[in-house]
Amino acid sequence: MTSPSDAPILSSISIDAVVDEIAKVSIWMAELEERDDWPTPLRFGLELSVEEALANVITHAFEDVESDPVIRVDYFRPAPDSVGMRILDNGPPFDPTAVESASLAESVESAHIGGHGVRLMRHFLSHIGYVRRDGMNELTLVAGPKSAD
Amino acid sequence: MQIDREQAGSDVVLKVTGRLDTPNAKPFETSLLDAVSGSEGAITVDLAGVDYVSSSGLRALLVAGKAMRTAKRDLTLRSLQPQIREVFDISGFSTLFEIK
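Line order of the protein sequences matches chains G and Y. At position 30 of the first sequence (counting the first as 1) the number is 30 in the working numbering, and the numbers step up by one without a gap. At position 53 of the second sequence (counting the first as 1) the number is 53 in the working numbering, and the numbers step up by one without a gap.
Any given hint could turn out to be false.
To give a feel for the contact side, a few chain G residues facing chain Y, derived at Cβ under 7 Å [claimed, not checked]:
1. Asp16
2. Asp20
3. Ile22
4. Val25
5. Ala111
6. Ile113
Keeping only pairs whose Cα atoms sit at most 16 Å apart, straight-line, the calculated EDC-like set for lysine to aspartate or glutamate is [unchecked claim]:
7. Y:Lys66 to G:Glu109
8. Y:Lys66 to G:Glu106
9. G:Lys24 to G:Glu106
Please keep in mind that the hints were generated in silico from the structure rather than gathered at the bench. This structure is a prediction, so every number in the text was calculated from the model and none was measured. Even for Gly, the Cβ is constructed at its ideal location relative to N, Cα and C.
If we strip away everything but chain G, and leave its shape as in the complex, we get (with noise of 0.2 Å):
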């Protein structure tokens, strides 16, 4: 497998930050997949992890920022059976892999609203990274097979 890190971009997407623009994304992922014939399993999972960051980062990236949000996707494949999502953003410093998931709750009433994307996202991904570079976050998101260990 190559490193995540070197592997070339594939396909770009840049959005707004709004949270319709994620719909964008998806759309632009379901051609990827037809065009690139990604591994069956491996859709549902990443498109739901790559909507959790993106979601997190529109909502929260750029409350108190002036400059313009900057946030684009790219794409690329690590190997053939995994396909990898790098999401950035020019907001804050902001590393989702050191967020910890919410505690599972044990009742609607002591069930908190948000934390849950966290969760999701370490349970269909095989790999999750997060590197500042240039003024920007890079938070790199690859699904495929999970090595035993």
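Put chain Y on the given structure of chain G with help from the hints.
Chain Y only, in chain G's frame:
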């Protein structure tokens, strides 16, 4: 996303079709809360036609679930597709709601 509402006495069935994603979460939540405030009995959410759900969709269900619990009424989910059931299981929501 499409939501069809059926009234059976004081109970309501909401049949949802499409994606419960972030863009659809707010209208979905609004439909659920309208059903809560506009009825007096139990509410069933039929998810047979839902092929995608994210945490935003789960959040909308939880908001409605809390409102129904406060009102001491029953909210039941039914007919979850396997991938949707997996999301519910991973997030712990399978134990929060009655699922048929």
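Checklist entry - Checking against the hints above, which ones are violated? => result Structure breaks hints 1, 4 and 9.
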